[in-house]
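So the chains spell out like this:
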Amino acid sequence: MTLQAYLTLAAMLFCIGLFGVMTRRNTIGILLGIELMLNAVNINLVAFARFLGDVSGMVFTVFTICITVAEVALGLALVILIYRIRRTAVADHLDLLKG
Amino acid sequence: MSLEPIVFWALAVVLLASALAVVLTRNLFHSVLYLALALTATAGVFLSLDAEFLAAIQLLLYAGGVVTIVVFAIVVTERLVGDRITQTSRQLAAGFGIAGALLVAILAIFRRSPLTVPRPAVSGDLTRAIGQSVLTTYVLPFELLAVLFLAALVGALYFARPDD
Amino acid sequence: MAASGNFALWAWLAPAVSFLLLSLIVPLRRSGKPAAWLSIVISAGALSAAVSAWRSAVPDMARRILWEWIPVEDGVLTSVGVLADADSTLMLILVALVSFLVQLYSLGYLSDEPPASLGRYYAYQSLFAFSMMGLVLAPNFVQLFICWELVGLCSYLLIGYWYTRPEAARAAVKAFWVTKAGDVGFLIGIVMLWSRTGTFDFSELFEMAQGGSEALTGLGLVMFCIYLGAAGKSAQFPFHVWLPDAMEGPTPVSALIHAATMVTAGVYLLFRTAFLFEQAPEVLAAVGWIGAFTALLAATLACVQRDIKRVLAYSTVSQLGYMMAAIGAGFAGAGFLHLLTHGVFKALLFLAAGAVIHAVGTNDIFAMGGLARRMPQTFTVFLIGTLSLAGIPFFAGFFSKEEILGATWEGGLTVPFAMLVVAAFLTAFYMFRVVFIAFLGAPAGSAASAGHGSAHGSHAPGHAHDAPAIMTLALWVLALLALVIGVGFAFSHPEAEFAAPGWLTPLAVGVAVGGIALATVVYALGWISSEWLFRRFALVGEAAMERFWLDDLFALVYRSGILGVARIVGWVDRYIVDGVLNVLSAWTLTLGDRLRRIQSGQAQDYVYGIALGVLLLMVWMRWPR
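Protein chains in written order, with our numbering: chain E, 1 to 99; chain F, 100 to 263; chain U, 264 to 888.
I should point out that these hints are in silico values taken from the structure, not numbers from a laboratory.
A quick note: this is a predicted structure, and the numbers were derived from the prediction, not measured.
Don't take each hint at face value.
[As the list claims (entries may be wrong)] Short, incomplete list of chain E residues facing chain F, as computed with Cβ under 7 Å: (1) 9; (2) 12; (3) 18; (4) 22; (5) 28; (6) 39; (7) 43; (8) 46; (9) 55; (10) 61; (11) 72; (12) 73; (13) 81; (14) 83; (15) 85; (16) 93.
For every residue, glycine included, the Cβ atom is placed at its ideal position computed from N, Cα and C.
Isolated chain E, as found in the complex:
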């Protein structure tokens, strides 16, 4: 398949993930959407790396996967902490930044 197909796939996945981030009420749901977006980026990187013959894209992907894992771990730790304090994981209730 052409590079364009892979990129289109990644773009669709990315927008689905964005949709999830914007609409989900539960904080963990939001994190799932972020996961999808990161996956789309990874597909993009790998596709470019494969089609352009440069392996750097794949190395980049390795790094992003690792960092994502760390980020998810800590993000969820925060969600748990907030749940402990506020007894809710609904993002709408976390509006202390309201101006």
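Given chain E, put chains F and U in place with the hints provided.
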């Protein structure tokens, strides 16, 4: 009729369908399961791009580790029994609008400059190339990654400590 | 001849010294009588300097002493100093003489005043003398205008001397306002003249007029503007309304300022700049007509007044009209002559009236009566002044009045001439009306309470007596001067600039005698009652009682006009100017409030923002160009 387009289309359908399921399912736990499916399909895509090492990492870390962590978080924050795991979505129309518009914009960019580069032949072992690249060209980010993990570990320990 | 200028300078600066001393050294001013004597002595010195200046002045030659004042690039813009020639020094003598006599007289008239007020009065008197002399001796328009305004200020201060009386304060403000209207025109005229000719200086302008300079063509509007200033100050119609009200001030002030000197400044200005007015004959014609009309109007108004000072005030307005008419006819010298003689006998009349008021305690002539027996000296001098004013031969006013009548006839202003003749008849009539009612005849019943004006010394008519010596001295000096001038002119009078027709003298005398006769018939003999006379001229009489509604007209213009404009401007300011600002600030507040809602505190909304931003960025970057 070559195998490759069929595989690609199958993987694409599964990936997108499961992704949609992730963001639209009311039950949070089902969402997580659909996410696992999506991550696995991504691994399949990696495989179709001859990136076996990445596919393996994807399965190990993502489909294995991340999903597990998320499940734990759900267990802690929601009650599994009962209908407390549901989550509704907000402002679906606006979200759909913006995401859709973004998709259209990106596709429009693709249309303008179609990338019809043919797939070059595989030159040597990609895994070996990745390994060599990591430890030579990108050794610094590699080390920093280790530092990052350390920081994440310490942070997680800090968060996990009991309230005194 | 050099001495003339120096004497004039000393005469001018002496009152300045007095004013400075009195205004700066507060204990001196508060001491009252010593301050008064200081001012009187200095004004006596000024008088002698003025006389010396006149005697050493050579006709047709002027002596100038100038100091540069405002330097500009090539030369000097204007200067200050004195311009002493035969005419200006003569006027200087009039000013100095009347000022000195009035100050002497005031010491007696205002003897009941507290010392601090007396000192203030003499400070103002000194300032006035200084300003008036500066005006008379001015070598250019700038100094003249500055001194013009200064005398206006002094008039305001002195009319409102008893400032605790609301009528006095109002009269002072009215005088200031009405003359200010004229002064605006005056200033505009001066500046326009300067922009035409490039100079303010009288001598330079005179040379330009002699040489037929181009710049002096088409000066109609300019000279009319300058005339406006004179019209305001010299109480020409319709600006005459301030002069009767100015009688609220003390009588010596009325004698000095509103009879002899300040009001004549306008006439003096026109006389001084006659060579400029000759370039604009249409303006001169207007001056003549307005002057004659003013004379007739004021004479009519004087016939119905009860207040003795107001009779004299309207009389002054009328005589000023005479002077202006002569100037308008083209014979400024006749007007100037009448200015000088009128200054003498009108001041005399005012001071005599002041003596009467001081003794009787009221201004109302119907509350007086039979004063001739009680106050013989005052009666005598008043009669001398009246005969001068009426224009009877061998008295001061006869010759100058006849000159004016001749001038208007020769100048071709026939209708004004007729108006002046009728005014002469009325002048004799109303003055003798006062004589018969106030001085002859039976005293009024009970003592009148304080009428208009001051409540000085509330003696009843039955207890009236002649004034103290310090006041009668001034009276006799002026009376003798009037007689000397009158008799002197009868034998050797100044050369007339024209040949008067033969029937003029009999006409003038006959008209005057006719007026006296009518007054006798009505008021002394009672053959015709005054009410019958009033009903004969009912229309005019009623209008005269209302002062021809001119005051109401002015008030209407000021109140509705200026206040209306002020209200409109206020409305614009409040609703439009402030409104714009208020709307802007309200919008800012609303906008801020609306913008605030973007910060919902929900992270997902911020993601919206980011996504939208990225979208817009992509669209903007890739938009087909």
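Structure-based check of each hint:
Annotation: residue 9 (chain E) was flagged as interfacial toward chain F, and the flag holds, the nearest CB pair being 5 Å apart, inside 7 Å. Taken as an interface hint, residue 12 (chain E) checks out: its beta carbon lies about 6 Å from the nearest beta carbon of chain F, inside 7 Å. Hint status for residue 18 (chain E) relative to chain F: holds, with the closest Cβ pair at about 5 Å, below 7 Å. Here the hint on residue 22 (chain E) is kept, as its CB sits about 4 Å from the closest CB of chain F, short of 7 Å.
For the restraint placing residue 28 (chain E) at the interface with chain F, the shortest Cβ-Cβ distance is roughly 6 Å, inside the 7 Å limit, so the hint holds. Interface hint status for residue 39 (chain E): upheld, as the beta-carbon distance to the closest one in chain F is roughly 5 Å, under 7 Å. Taking 7 Å as the C-beta cut-off, the interface hint given for residue 43 (chain E) holds, the closest approach to chain F being about 6 Å. Below 7 Å, beta-carbon pairs count as interface contacts, and residue 46 (chain E) has one with chain F at about 5 Å; its hint therefore holds.
Given the 7 Å rule on beta carbons, the hint for residue 55 (chain E) holds: about 5 Å separates it from the nearest Cβ of chain F. Interface hint status for residue 61 (chain E): upheld, as the beta-carbon distance to the closest one in chain F is roughly 6 Å, under 7 Å. Interface restraint check for residue 72 (chain E): the shortest CB-CB distance to chain F comes to about 5 Å, inside 7 Å, so the restraint holds. Interface restraint check for residue 73 (chain E): the shortest CB-CB distance to chain F comes to about 6 Å, inside 7 Å, so the restraint holds.
Below 7 Å, beta-carbon pairs count as interface contacts, and residue 81 (chain E) has one with chain F at about 6 Å; its hint therefore holds. Hint status for residue 83 (chain E) relative to chain F: holds, with the closest Cβ pair at about 4 Å, below 7 Å. The interface hint given for residue 85 (chain E) is broken, as the beta carbon of that residue sits about 10 Å from the closest beta carbon of chain F, more than 7 Å. Evaluation of the residue 93 (chain E) hint against chain F yields a violated restraint, the C-beta minimum of about 12 Å exceeding 7 Å.
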